[in-house]
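Can you build the whole structure from these sequences, using the hints too?
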Amino acid sequence: MSDAGSPAAYRTAYDASLSDPEAFWGAAASAIDWVTPPTRVLDDTDPPFYRWYPDGELNVCVNAVDRHVAAGRGDQPAIHYDSPVTGTKATITYAALLARVRAVAGGLRGLGVEKGDRVVIYMPMVPEAVIAMLACARIGAIHSVVFGGFAPQELAARIDDAAPKVVLSASCGVEPSRIVPYKPFLDEAIRRSDHKPERCVVLQRGQQRAELGERDIDWRDFESGEAALAGADPVTVAATDPLYILYTSGTTGKPKGIYRDSGGYAVALRWSMENIYDVRPGETMFTASDVGWVVGHSYIVYAPLLTGATTVLYEGKPIGTPDAGAFWRVISEYDAVALFTAPTAFRAIKKEDSTASKVADYDLSGFRALYLAGERLDPDTYEWASRALGVPVIDNWWQTETGWPIAANPKGLELLPIKAGSPSVAVPGYDVRVLDGSGEPVPAGVEGAICIKLPMPPGTLPTLWHDDERYVSSYLSAYPGYYLTGDGGYIDEDGYLFVMGRTDDVLNVAGHRLSTGSIEAALAGHEAVAECAVIGVRDELKGQVPRALVVLKSGIDGDAEGERIRTELVARVRAEVGAVAALHQVDIVAGLPKTRSGKILRKTMREMADGGSPAVPATIEDASVLDALGPVLRGS
Numbered sequence: 001m002s003d004a005g006s007p008a009a010y011r012t013a014y015d016a017s018l019s020d021p022e023a024f025w026g027a028a029a030s031a032i033d034w035v036t037p038p039t040r041v042l043d044d045t046d047p048p049f050y051r052w053y054p055d056g057e058l059n060v061c062v063n064a065v066d067r068h069v070a071a072g073r074g075d076q077p078a079i080h081y082d083s084p085v086t087g088t089k090a091t092i093t094y095a096a097l098l099a100r101v102r103a104v105a106g107g108l109r110g111l112g113v114e115k116g117d118r119v120v121i122y123m124p125m126v127p128e129a130v131i132a133m134l135a136c137a138r139i140g141a142i143h144s145v146v147f148g149g150f151a152p153q154e155l156a157a158r159i160d161d162a163a164p165k166v167v168l169s170a171s172c173g174v175e176p177s178r179i180v181p182y183k184p185f186l187d188e189a190i191r192r193s194d195h196k197p198e199r200c201v202v203l204q205r206g207q208q209r210a211e212l213g214e215r216d217i218d219w220r221d222f223e224s225g226e227a228a229l230a231g232a233d234p235v236t237v238a239a240t241d242p243l244y245i246l247y248t249s250g251t252t253g254k255p256k257g258i259y260r261d262s263g264g265y266a267v268a269l270r271w272s273m274e275n276i277y278d279v280r281p282g283e284t285m286f287t288a289s290d291v292g293w294v295v296g297h298s299y300i301v302y303a304p305l306l307t308g309a310t311t312v313l314y315e316g317k318p319i320g321t322p323d324a325g326a327f328w329r330v331i332s333e334y335d336a337v338a339l340f341t342a343p344t345a346f347r348a349i350k351k352e353d354s355t356a357s358k359v360a361d362y363d364l365s366g367f368r369a370l371y372l373a374g375e376r377l378d379p380d381t382y383e384w385a386s387r388a389l390g391v392p393v394i395d396n397w398w399q400t401e402t403g404w405p406i407a408a409n410p411k412g413l414e415l416l417p418i419k420a421g422s423p424s425v426a427v428p429g430y431d432v433r434v435l436d437g438s439g440e441p442v443p444a445g446v447e448g449a450i451c452i453k454l455p456m457p458p459g460t461l462p463t464l465w466h467d468d469e470r471y472v473s474s475y476l477s478a479y480p481g482y483y484l485t486g487d488g489g490y491i492d493e494d495g496y497l498f499v500m501g502r503t504d505d506v507l508n509v510a511g512h513r514l515s516t517g518s519i520e521a522a523l524a525g526h527e528a529v530a531e532c533a534v535i536g537v538r539d540e541l542k543g544q545v546p547r548a549l550v551v552l553k554s555g556i557d558g559d560a561e562g563e564r565i566r567t568e569l570v571a572r573v574r575a576e577v578g579a580v581a582a583l584h585q586v587d588i589v590a591g592l593p594k595t596r597s598g599k600i601l602r603k604t605m606r607e608m609a610d611g612g613s614p615a616v617p618a619t620i621e622d623a624s625v626l627d628a629l630g631p632v633l634r635g636s
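Using UniProt numbering, you'd call the opening residue of the sequence shown number 1 and step up by one each time.
It is worth saying that the hints were derived from the structure and are not from the lab.
Keep in mind that a hint or two might mislead.
To be verified - Derived SDA-like pairs (lysine to any residue); straight-line CA-CA distance at most 20 Å: (1) Lys603 x Val537; (2) Lys351 x Val180; (3) Lys603 x Ser554; (4) Lys254 x Lys351; (5) Lys317 x Val537.
Unchecked claim - Beta-carbon label-pair distances, calculated as ranges: (6) Ser477 x Glu188: 15 to 25 Å; (7) Ser357 x Gly225: 26 to 36 Å; (8) Pro176 x Ala23: 22 to 32 Å; (9) Ala560 x Val625: 31 to 41 Å; (10) Pro281 x Leu18: 22 to 32 Å; (11) Val442 x Leu18: 36 to 46 Å; (12) Thr45 x Val625: 47 to 57 Å.
Positions of the beta carbon are idealized from the N, C-alpha and C atoms, including for glycine.
Put into structure tokens, the structure is as follows:
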């Protein structure tokens with residue numbers, strides 16, 4: 001267990017971070033190696049555009065790789081690559097990682113990539129994806145990872161916005177049941193985009209090779225060519241220079257490029273590993289996510305490597321590769337002290353193995369904590385995971401925009417009492433407030449808009465990629481002086497935050513505002529329910545009424561038991577939320593549509609239920625699930 005915790009350690013740290021943020025984050029910056037140490041911590045001369053460590057200089061790749069080798073830890077594993085979908089495993093030490101990163105950085109320089117140029121990385125969960133990210137950081141290029149398998153139109157939009165000089169890609173991605181051909185998607189995206197990258201480097205995978213064209217280079221030749229053999233030394237960048245652009249969906253349909261700075265991000269992630277996640281140098285962290293999502297960027301790649309920990313790069317699923325014991329096998333095999341994934345992964349495991357019988361097949365004696373984020377952790381899944389694993393199950397809440405947690409239980413500082421349904425408390429650096437429609441704070445226990453008082457801590461977005469105006473209009477204009485998270489919820493009398501869902505997931509039933517989260521919590525508590533989603537649909541009388549979609553646990557016959565279960569679920573909501581919830585329609589379905597990061601597509605389902613024909617989001621995990629729901633949602 002952590003040796004850092006002490007009574008009231010969280011409160012001391014949190015109060016210090018708000019009363020004197022410059023002293024707090026100035027001290028945290030000492031954990032990073034600087035080329036030019038900052039003499040100023042925060043530049044607040046041009047609000048709302050705040051900049052951390054404005055006169056500091058560093059190289060993030062050096063901090064993530066070189067310094068550990070220089071400290072004599074080159075033989076320590078940096079990455080365990082584990083790919084059950086291809087039957088491949090590999091361990092890459094810090095010394096081997098440095099050699100490959102130097103080579104790929106040299107290869108990029110050989111293609112004319114310079115400091116400030118953009119490189120799009122469109123790759124599956126393979127070591128080359130991580131190596132590519134670090135190689136860009138090494139030479140001061142800005143990487144933009146686009147999740148592998150994104151449809152051509154989504155990739156084209158990102159190519160046009162980032163305007164990369166080079167694209168790094170692969171011939172295919174491998175799913176448990178199919179091969180995803182990346183190269184044709186990339187070719188079509190470039191055909192559609194106005195910006196044309198100069199070169200594309202393609203990693204040929206044995207599962208499906210790609211035909212290369214005039215602009216294309218085989219990755220093997222690229223990494224072993226003359227420029228790669230020469231390598232590349234690290235380029236010094238300003239702390240305020242961008243490390244990467246990560247796109248998130250926008251309400252206008254045009255993706256928003258989240259701009260991540262170099263210095264603030266490095267400091268925040270390094271601080272978070274020990275103080276939030278209780279992971280130390282030399283220990284192993286298993287984050288079951290993907291590069292291309294913020295959790296993957298931060299806690300597969302940068303945070304573990306900045307810390308000198310070992311990270312697991314997992315190309316597989318929580319179930320089906322080969323079974324619901326997949327995560328336990330990885331934890332046991334690599335002696336991971338922490339697992340970080342999405343609640344939806346655990347609901348999938350629970351559906352497949354409701355008694356968690358496969359946990360007993362593996363030695364989890366070194367495993368200390370489970371961390372979940374990406375979707376609200378419902379109390380039922382929390383209870384199930386707690387019983388199954390016997391370790392703290394810690395929800396944490398944050399966004400692509402923030403880069404690291406806004407609210408969490410800071411286990412490395414002090415493990416606070418856990419409240420099911422809450423991601424616990426605001427993380428040091430985040431001044432979290434719940435405001436009403438006029439911008440006034442609401443009393444404890446009253447729901448409102450969750451906002452963060454400016455300036456936000458290091459590591460969060462300083463703006464959007466070449467779009468300051470959209471940054472202000474999207475996040476800062478609703479409540480001047482505050483960042484609008486877009487989530488609603490409340491803070492209880494103990495200071496615990498409860499995030500009840502996106503503000504557009506708030507139901508207005510006959511003038512009463514109800515969160516979908518509270519109704520879902522009531523449904524999820526039923527013994528037959530594996531997972532559920534509640535959407536608000538139009539109603540002439542009440543404005544909106546809730547509609548529930550429920551997935552049953554394996555082994556329960558929905559045809560035979562469905563009517564009884566529906567009746568019991570309606571009764572549960574009436575008892576736990578109140579008659580005002582007016583839940584009458586419960587549909588038992590085979591699955592819920594989700595993004596690759598585990599978010600349930602409530603807005604898309606709501607639009608379908610209201611008779612619309614929404615575009616299928618590019619981030620969807622399996623479009624066939626949404627197709628199957630169409631007739632149910634539309635009542636046809």
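Taking the hints in turn, this is what the structure says about them:
Restraint check: the Cα-Cα separation between lysine 603 and valine 537 comes to about 10 Å, which is no more than 20 Å; the hinted pair holds. The hinted pair formed by lysine 351 and valine 180 fails the criterion: a straight-line CA distance of about 26 Å is larger than 20 Å. Between lysine 603 and serine 554 the alpha-carbon distance is near 27 Å, which puts this suggested pair outside the 20 Å criterion. Restraint check for lysine 254 and lysine 351: not satisfied, since their Cα atoms lie roughly 36 Å apart, outside the 20 Å limit.
For the given pair, lysine 317 sits about 33 Å from valine 537 by alpha-carbon distance, which is inconsistent with the 20 Å threshold. As the Cβ distance of serine 477 to glutamate 188 is approximately 37 Å, the hint placing it in 15 to 25 Å is violated. As the Cβ distance of serine 357 to glycine 225 is approximately 51 Å, the hint placing it in 26 to 36 Å is violated. In this structure the hint that proline 176 and alanine 23 lie 22 to 32 Å apart at CB is violated, the actual value being about 50 Å.
As the Cβ distance of alanine 560 to valine 625 is approximately 23 Å, the hint placing it in 31 to 41 Å is violated. Between proline 281 and leucine 18 the Cβ separation comes to about 28 Å, which falls inside the hinted range of 22 to 32 Å. Range check, valine 442 to leucine 18: Cβ separation about 20 Å, and the 36 to 46 Å hint is violated. The hinted window of 47 to 57 Å between threonine 45 and valine 625 holds, with their beta carbons roughly 50 Å apart.
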